[in-house]
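Residue numbers (our numbering), protein chains in the order written: chain E, 296 to 676; chain D, 30 to 370.
None of these hints come from the bench; they were simulated from the model. Please note that a few of the clues may not be correct.
[To be verified] Lysine-lysine pairs mimicking DSS-like chemistry, simulated, CA-CA at most 30 Å apart:
no. : chain 1 : residue 1 : chain 2 : residue 2
1   : E       : Lys509    : D       : Lys325
2   : D       : Lys180    : E       : Lys579
3   : E       : Lys447    : E       : Lys436
4   : E       : Lys509    : E       : Lys362
5   : D       : Lys290    : E       : Lys509
6   : E       : Lys436    : E       : Lys396
7   : D       : Lys290    : E       : Lys671
8   : E       : Lys362    : E       : Lys447
9   : E       : Lys392    : E       : Lys362
10  : E       : Lys436    : E       : Lys392
11  : D       : Lys180    : E       : Lys447
12  : E       : Lys436    : E       : Lys509
13  : E       : Lys579    : D       : Lys290
14  : E       : Lys396    : E       : Lys447
15  : E       : Lys579    : E       : Lys671
16  : E       : Lys362    : D       : Lys57
17  : E       : Lys509    : E       : Lys447
18  : D       : Lys57     : D       : Lys325
19  : E       : Lys579    : E       : Lys396
20  : E       : Lys362    : E       : Lys396
21  : D       : Lys325    : D       : Lys290
Here are the chains, one letter per residue:
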Amino acid sequence: MKTAAQTMLTGQPRASDVVLSVRDLAVDIRTHRGTVRAVNGVGFEARAGETLALLGESGCGKSITAKALAGIMDPVCDLADGEIVLNGTDLAALTPKERLKFAGPELGIVFQDALTALNPVYTVGTQLGEAFRIHRGLSAKEAKAEAIELMKRVGIPEPESRVNSYPHQFSGGMRQRILIAMAVALNPRLLIADEPTTALDVTVQAQIMQLLRKLREEGQMAVVLITHDLAVVAEEADSVSVMYAGNVVESGPVSEVFSDPRHPYTKGLLESVPVHVERGAHLKSIAGSPPELHDIPAGCVYQSRCPLVQDICRAERPRLLPVNGSSAVVQTGAEDDDGDNGLGADAGLDGGNYAGNFAGTRPPRPGRVAACHFSKELNNV
Amino acid sequence: MSEPLLQIDGLCKTFHVAKSASGNTRLKALDGISLTVGRGETLGLVGESGCGKSTLARTLMMLETPDAGTVTFEGTNPFRLRGKELLSWRRRVQMVFQDPFASLNARMSAGDIIAEPWATHRSLYPSSREREARVRELLHMVGLRPSDARKSPQEFSGGQRQRIGIARALALNPDVIILDEPVSALDLSVQAQVLNLLNDLQQELGVSYIFISHDLTVVRHVADRVAVMYLGRIIETGDTEDVFDHPRHPYTAALMSASPKLDVTGAKRDRIVLQGELPSPLDPPSGCRFRTRCWKAQDICAEVAPEPRVTTAADATLHLAECHFPLESVRGLTGAIAASG
Numbered sequence: 296m297k298t299a300a301q302t303m304l305t306g307q308p309r310a311s312d313v314v315l316s317v318r319d320l321a322v323d324i325r326t327h328r329g330t331v332r333a334v335n336g337v338g339f340e341a342r343a344g345e346t347l348a349l350l351g352e353s354g355c356g357k358s359i360t361a362k363a364l365a366g367i368m369d370p371v372c373d374l375a376d377g378e379i380v381l382n383g384t385d386l387a388a389l390t391p392k393e394r395l396k397f398a399g400p401e402l403g404i405v406f407q408d409a410l411t412a413l414n415p416v417y418t419v420g421t422q423l424g425e426a427f428r429i430h431r432g433l434s435a436k437e438a439k440a441e442a443i444e445l446m447k448r449v450g451i452p453e454p455e456s457r458v459n460s461y462p463h464q465f466s467g468g469m470r471q472r473i474l475i476a477m478a479v480a481l482n483p484r485l486l487i488a489d490e491p492t493t494a495l496d497v498t499v500q501a502q503i504m505q506l507l508r509k510l511r512e513e514g515q516m517a518v519v520l521i522t523h524d525l526a527v528v529a530e531e532a533d534s535v536s537v538m539y540a541g542n543v544v545e546s547g548p549v550s551e552v553f554s555d556p557r558h559p560y561t562k563g564l565l566e567s568v569p570v571h572v573e574r575g576a577h578l579k580s581i582a583g584s585p586p587e588l589h590d591i592p593a594g595c596v597y598q599s600r601c602p603l604v605q606d607i608c609r610a611e612r613p614r615l616l617p618v619n620g621s622s623a624v625v626q627t628g629a630e631d632d633d634g635d636n637g638l639g640a641d642a643g644l645d646g647g648n649y650a651g652n653f654a655g656t657r658p659p660r661p662g663r664v665a666a667c668h669f670s671k672e673l674n675n676v
Numbered sequence: 030m031s032e033p034l035l036q037i038d039g040l041c042k043t044f045h046v047a048k049s050a051s052g053n054t055r056l057k058a059l060d061g062i063s064l065t066v067g068r069g070e071t072l073g074l075v076g077e078s079g080c081g082k083s084t085l086a087r088t089l090m091m092l093e094t095p096d097a098g099t100v101t102f103e104g105t106n107p108f109r110l111r112g113k114e115l116l117s118w119r120r121r122v123q124m125v126f127q128d129p130f131a132s133l134n135a136r137m138s139a140g141d142i143i144a145e146p147w148a149t150h151r152s153l154y155p156s157s158r159e160r161e162a163r164v165r166e167l168l169h170m171v172g173l174r175p176s177d178a179r180k181s182p183q184e185f186s187g188g189q190r191q192r193i194g195i196a197r198a199l200a201l202n203p204d205v206i207i208l209d210e211p212v213s214a215l216d217l218s219v220q221a222q223v224l225n226l227l228n229d230l231q232q233e234l235g236v237s238y239i240f241i242s243h244d245l246t247v248v249r250h251v252a253d254r255v256a257v258m259y260l261g262r263i264i265e266t267g268d269t270e271d272v273f274d275h276p277r278h279p280y281t282a283a284l285m286s287a288s289p290k291l292d293v294t295g296a297k298r299d300r301i302v303l304q305g306e307l308p309s310p311l312d313p314p315s316g317c318r319f320r321t322r323c324w325k326a327q328d329i330c331a332e333v334a335p336e337p338r339v340t341t342a343a344d345a346t347l348h349l350a351e352c353h354f355p356l357e358s359v360r361g362l363t364g365a366i367a368a369s370g
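Full structure from sequences and hints, please.
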């Protein structure tokens, strides 16, 4: 823990500092049927000590976004546009070689499938120590000592003996801990977690999420959590960006977005979860399926599944515009009963004066935005 | 409860494996499972990976032979049947698999996949005209178009493929369908469509479901009764609402608590986070299997395996839990959270 403590002292980050700022990120994929835009003008901010969730279904571009942030895109993907500003440096403008310096000390990533993410022919000690050998120039022996410290930090029992084990000798939950240990080895400012618990049982998932929370608080890391699970977002994240067909369609603080969604897709997703529904009753579902990336329609990306669709939606793509949670709108929400308790205590979000409420306590932050021509009419659906 | 269609009593299944770390070669995947499934009822089966859910499903499909215990299906033991009787019994229990991409043959058309069970059960639809009509009917029942019969599986989305899997299971007009994680590979918006379809089909056909899932939110929505498995045993069973709202076994309480909740208020809740992982089924703990992770464990738990005991007295529905120190209703749950810190 010596090195960990040192780093934390030197670069003591303040809460609510913007660590990562992504603007207009666009990623193209070259396919046999032509180039498709998998990520289209995505932007968000991640703050120190907070978790930002990128929420979306398979194929929405959330994992490609994560890989673009980490600079580990597949060879068929191109970064077409945008800025990835991490602590003042635009990663998108750097060469791959320059970016290597950031992978580890500044940015860590945790993948979904720990068994394929770990190398089966090296011991976990070797893999955990790699960051220390490369970035700190430690000897193999010193790196192993650091690896043991790391294993202690992420709660792996008997690290002294297990440091020489191979990945297959660990359970799924322990492997995920090892992967997390590798990501946080050099105390990065930003941790990207791509579906970190999807392959795990719920009791182990709870342990891993607890560990991520602990590490986030210890290091005041900004966490970008990529997930398809609404409940995980509700429990773990501070803010959320909802992605659909390569676009962010809505973003804002989780408590607000989930209690009063302003995009029909977010609303549809929330209503698809069988909670507060009588057992066996019909669930509201979103008809159809997401568009193929090869033929994303002109106009709104969600038009083919949207209950509110009008001519303007087919002609003109809605931009992400601020939605002010005016008190009238918030009060008439269907989830009003559930919404009142937590919201008021959190940050006084139920009032109309959203920016004003924040002004005194925290730095101003972008409020809620949604990309829908009819976000105001959404309550009537 | 409705009239039992399927009754399982003391079912055991041991696998012999290559030598483990402890030298034990006998893996008790099922260790005395007793269950009933009523006609038209949905039984939810929950538990962590490795607890024996899939072995139980495979045994009910007669893909495994149990070492001990009985399965009674409308008064007959299917494991005693031979020849034609066995064939006609197999028709009555069908299965839908988790992965809609792996469970459909990519070289067959959707129509051929649905019709394939009739190659074995020839008497069901003897003429090709009947078979074609029935395929169209089945496609319609699961919400696909008759023209989809000619398409191959890769032309369908995940949700549509799962519909084909369901149509294939329905092709033999079964009494019981075992659904092994039927929606966990699907996106949320599609998951709701498939759950609605399963619900409609059950209303229409009166078929019973054994619904295996790790997603407690989904199980709560679909199941009439729920059985919680841990290391080859059912440690708690009862009416779904009763088990979810008043879990008696500490493991059930921990499982409910660990499962993330979609709570729009954003209020952070206390929860039980179990320490450690599932012990190896090769070396299950003595006495109560859950005692190594249980915060209520005492000396007796290591010595005596708890018997299932009835925990609901007032209600007519049976709520069983295998625990020496069952939690007391809601008060017990909040106490448990405090105790586990």
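Query - Agreement of Lys509(E) and Lys325(D) with the hint, judged by alpha carbon distance not exceeding 30 Å - result: Holds, at roughly 26 Å.
Report task. With a cut-off of 30 Å on the C-alpha distance, tell me whether Lys436(E) and Lys392(E) pass. Result -> Holds, because 27 Å separates the two Cα atoms, which is no more than 30 Å.
Query - Lys180(D) paired with Lys579(E) [C-alpha distance capped at 30 Å] - result: 28 Å, holds
**Report entry** Hint consistency between Lys290(D) and Lys671(E) [alpha-carbon to alpha-carbon, up to 30 Å]
**Finding:** Judged against 30 Å, a Cα distance of about 28 Å means the pair holds.
Query raised in the report: Given the hint that Lys436(E) pairs with Lys509(E), does the C-alpha gap stay at or below 30 Å?
Result: Holds: Lys436(E) and Lys509(E) sit about 28 Å apart, inside 30 Å.
**Report entry** Hint consistency between Lys509(E) and Lys447(E) [alpha-carbon to alpha-carbon, up to 30 Å]
**Finding:** Roughly 13 Å separates the two Cα atoms, so the pair holds.
Query raised in the report: Does Lys436(E) lie within 30 Å of Lys447(E) when you go C-alpha to C-alpha?
Result: 17 Å, holds
Query raised in the report: When you check the alpha-carbon spacing of Lys579(E) and Lys396(E), does it fall within 30 Å?
Result: 48 Å, violated
Report task. Starting from Lys509(E), check that the Cα of Lys362(E) is at most 30 Å away, please. Result -> 24 Å, holds
Query raised in the report: Are the Cα positions of Lys579(E) and Lys671(E) separated by 30 Å at most?
Result: 21 Å, holds
**Report entry** Pair hint outcome, Lys57(D) versus Lys325(D) [Cα-Cα no greater than 30 Å]
**Finding:** 25 Å, holds
Requested in this report: Verify the proposed pairing of Lys325(D) with Lys290(D), using a straight-line Cα cut of 30 Å.
Outcome: 25 Å, holds
Consistency with the previously given hints fails for numbers 11, 16, 19, ordered from lowest to highest.
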